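Peer 1: Each chain, letter by letter, is given below.
2 protein chains.
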Amino acid sequence: MMAVVASAKGKILGESDTATRRDEGPDGVIGQIIEQITLAAKDAGISAKKLGAIGLGAPGAVDPRKGMVVRAPNLDWTNVLVGPRLSKHFGVPVSLGNDVQVAIQGEHAYGAAKGAERAVGIWIGTGIGGGIIIRGELERGFRGAAGEIGHICLDEAGPECPCGRRGCAEAFASRTSIERDVMAAIKSGRKSVVPQIMKERNKLRMTSSVIQRALAADDQVMKDVIARAQHSIGLLAGNLVNALDPEVIVLGGGIVERLGEDFVAPIRESARSRFLRPDPDGSIRIVPSLLGDHAGALGASFLARNAVR
Amino acid sequence: MMAVVASAKGKILGESDTATRRDEGPDGVIGQIIEQITLAAKDAGISAKKLGAIGLGAPGAVDPRKGMVVRAPNLDWTNVLVGPRLSKHFGVPVSLGNDVQVAIQGEHAYGAAKGAERAVGIWIGTGIGGGIIIRGELERGFRGAAGEIGHICLDEAGPECPCGRRGCAEAFASRTSIERDVMAAIKSGRKSVVPQIMKERNKLRMTSSVIQRALAADDQVMKDVIARAQHSIGLLAGNLVNALDPEVIVLGGGIVERLGEDFVAPIRESARSRFLRPDPDGSIRIVPSLLGDHAGALGASFLARNAVR
Numbered sequence: 411m412m413a414v415v416a417s418a419k420g421k422i423l424g425e426s427d428t429a430t431r432r433d434e435g436p437d438g439v440i441g442q443i444i445e446q447i448t449l450a451a452k453d454a455g456i457s458a459k460k461l462g463a464i465g466l467g468a469p470g471a472v473d474p475r476k477g478m479v480v481r482a483p484n485l486d487w488t489n490v491l492v493g494p495r496l497s498k499h500f501g502v503p504v505s506l507g508n509d510v511q512v513a514i515q516g517e518h519a520y521g522a523a524k525g526a527e528r529a530v531g532i533w534i535g536t537g538i539g540g541g542i543i544i545r546g547e548l549e550r551g552f553r554g555a556a557g558e559i560g561h562i563c564l565d566e567a568g569p570e571c572p573c574g575r576r577g578c579a580e581a582f583a584s585r586t587s588i589e590r591d592v593m594a595a596i597k598s599g600r601k602s603v604v605p606q607i608m609k610e611r612n613k614l615r616m617t618s619s620v621i622q623r624a625l626a627a628d629d630q631v632m633k634d635v636i637a638r639a640q641h642s643i644g645l646l647a648g649n650l651v652n653a654l655d656p657e658v659i660v661l662g663g664g665i666v667e668r669l670g671e672d673f674v675a676p677i678r679e680s681a682r683s684r685f686l687r688p689d690p691d692g693s694i695r696i697v698p699s700l701l702g703d704h705a706g707a708l709g710a711s712f713l714a715r716n717a718v719r
Numbered sequence: 411m412m413a414v415v416a417s418a419k420g421k422i423l424g425e426s427d428t429a430t431r432r433d434e435g436p437d438g439v440i441g442q443i444i445e446q447i448t449l450a451a452k453d454a455g456i457s458a459k460k461l462g463a464i465g466l467g468a469p470g471a472v473d474p475r476k477g478m479v480v481r482a483p484n485l486d487w488t489n490v491l492v493g494p495r496l497s498k499h500f501g502v503p504v505s506l507g508n509d510v511q512v513a514i515q516g517e518h519a520y521g522a523a524k525g526a527e528r529a530v531g532i533w534i535g536t537g538i539g540g541g542i543i544i545r546g547e548l549e550r551g552f553r554g555a556a557g558e559i560g561h562i563c564l565d566e567a568g569p570e571c572p573c574g575r576r577g578c579a580e581a582f583a584s585r586t587s588i589e590r591d592v593m594a595a596i597k598s599g600r601k602s603v604v605p606q607i608m609k610e611r612n613k614l615r616m617t618s619s620v621i622q623r624a625l626a627a628d629d630q631v632m633k634d635v636i637a638r639a640q641h642s643i644g645l646l647a648g649n650l651v652n653a654l655d656p657e658v659i660v661l662g663g664g665i666v667e668r669l670g671e672d673f674v675a676p677i678r679e680s681a682r683s684r685f686l687r688p689d690p691d692g693s694i695r696i697v698p699s700l701l702g703d704h705a706g707a708l709g710a711s712f713l714a715r716n717a718v719r
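In order, the protein sequences belong to chains A and B.
Everything in the first sequence is counted per the numbering used here, starting at 411 for the first residue and increasing by one.
Everything in the second sequence is counted per the numbering used here, starting at 411 for the first residue and increasing by one.
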């Protein structure tokens, strides 16, 4: 988890981060959040009492009105009222979004989607999350669930998704899916440098850095799997352009941060091939995140500031 | 084409309709539009000079700012400036949307989506079109192209779509696709009453009335094909709920009008099975259009009134 103290212009005045201790349950994790906010304020040279508002991005489904995390599978949280808890501790209003909603909010306020009236964020990590800006504002949806684009189905007969259904975009192209496909290729007898890289670097999971190294080593298995993932993400992006006609699609998450334009270029091609309305001038931009790791925290700070303005 | 003169409350004061003579080209069709508007005014007992504004829904891609039909395949129109032509003739402002954008606008102003902050329309006809209401307003997108949900890809290996790509929702479940699948089943040797119904009723195309009669006659081919189409439309609706989290999805078009809730119920089931965020209380409604044939004309009139308000 990462906390920043930011100015109205998105300047980071202080920050702090730490590994989330999910084993400690909601109480423990909320304690960690309080600690990180306090440390970020200290880093900014101010007392936490001086904070004007707090924004939070949670890895899962939220109810923004209640300040409740409805369900966060990776934390194993169900119906946790984190907003009121933080609000009580710090004595300021707390805004809550999901982690990708706040990331695209950050990119819209300060990054790659700045100035766009309509933008879509596609964040590729353990899963695939999304966020939508319409008419200059984060679109949260009826229940606060807008932007779950990782669960747009690209093929009902596709691979199983962690959500229990088949063929969601996430099941094709998340980092978890890339790992599954690389491991399956190796198991089927194809040669790959990936196991060696993971061993050398003492990695249990196929992190973005492992993916980057395998590609740099011209590993054909990784190249094939990444090409398929890029194709699927492009298909998803094309679907979103046909549905929403945004000015810009921002791609983010660990792999995008590591690989940048090399990762994005084939996605752009795949997406453009699905545009119903031709875009000969390339007026619809498909670009990597500008804020990287800080997108979520900066977007959460923007939402918080906006709520008390 | 249909013209209505409507009150602020969506009451139809006068109307007129006729078959579009596409062979006469843009000039001829614009002449027909002028005639129908004039006849609808006459039917309302007023002079066309008394109209306050004109709204138009065009069957294709539009540029609302220019009042231009960018591309309407069924009319074979490219870059036709219909808005300025009508505006010059009648001396009032003209608002332009595509036919399904105005239909969902009509349902939102006066029909099945009334009062909803967020709604999506799925219109099933020759093709599949859509329209999106966000924060109480028709969402047109960056280029006026928002809502082309018929071209969300449900399976890249799926059937060919009139747009030239594969596996769009339209390629699975439009009336044209239903006709294609029924004919293919018959050609492969399955027995069906459809050819007989079409012959008796002197129909060259598999209209909604033919579909309705075949289902009433318990025709297994038609039942199978419709079930597949319903499943695909449900998949599309589920994708849209995951992306946009609307309060209501309105289904419209000829088949929906004919079959109503019988057609919608299996779509609802299929859609709900794809919701990432569970909706145990059924707070997200999936319902047939209330305005039927008049949805588009009423929505266009609403847009027109809104533009001059």
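In case anyone wonders, no lab produced these hints; they're calculated from the structure.
As the structure is a computational prediction, the values presented were derived from the model and not from experiment.
Some clues are possibly wrong.
Among the chain A residues that face chain B by a calculated CB cut under 8 Å, a handful are [said to hold, decoys possible]:
1) K498
2) F500
3) L654
Pairwise CB distance ranges, derived in the manner of DEER restraints [stated by the list, open to error]:
4) B:P690 with A:S457: 15 to 25 Å
5) B:A418 with A:K452: 54 to 64 Å
6) A:R695 with B:G455: 34 to 44 Å
7) B:N484 with A:R695: 28 to 38 Å
Note that CB positions come from ideal geometry on N, CA and C, so glycine has one too.
Peer 1: If a hint holds in the structure, say so; if it does not, say that too.
Peer 2: Hint-by-hint comparison with the structure:
{"no.": "1", "hint": "K498", "verdict": "violated (27 Å)"}
{"no.": "2", "hint": "F500", "verdict": "violated (29 Å)"}
{"no.": "3", "hint": "L654", "verdict": "holds (6 Å)"}
{"no.": "4", "hint": "B:P690 with A:S457: 15 to 25 Å", "verdict": "violated (44 Å)"}
{"no.": "5", "hint": "B:A418 with A:K452: 54 to 64 Å", "verdict": "holds (59 Å)"}
{"no.": "6", "hint": "A:R695 with B:G455: 34 to 44 Å", "verdict": "violated (52 Å)"}
{"no.": "7", "hint": "B:N484 with A:R695: 28 to 38 Å", "verdict": "holds (31 Å)"}
Hint check: violations occur at hints 1, 2, 4, 6; the rest are consistent with the structure.
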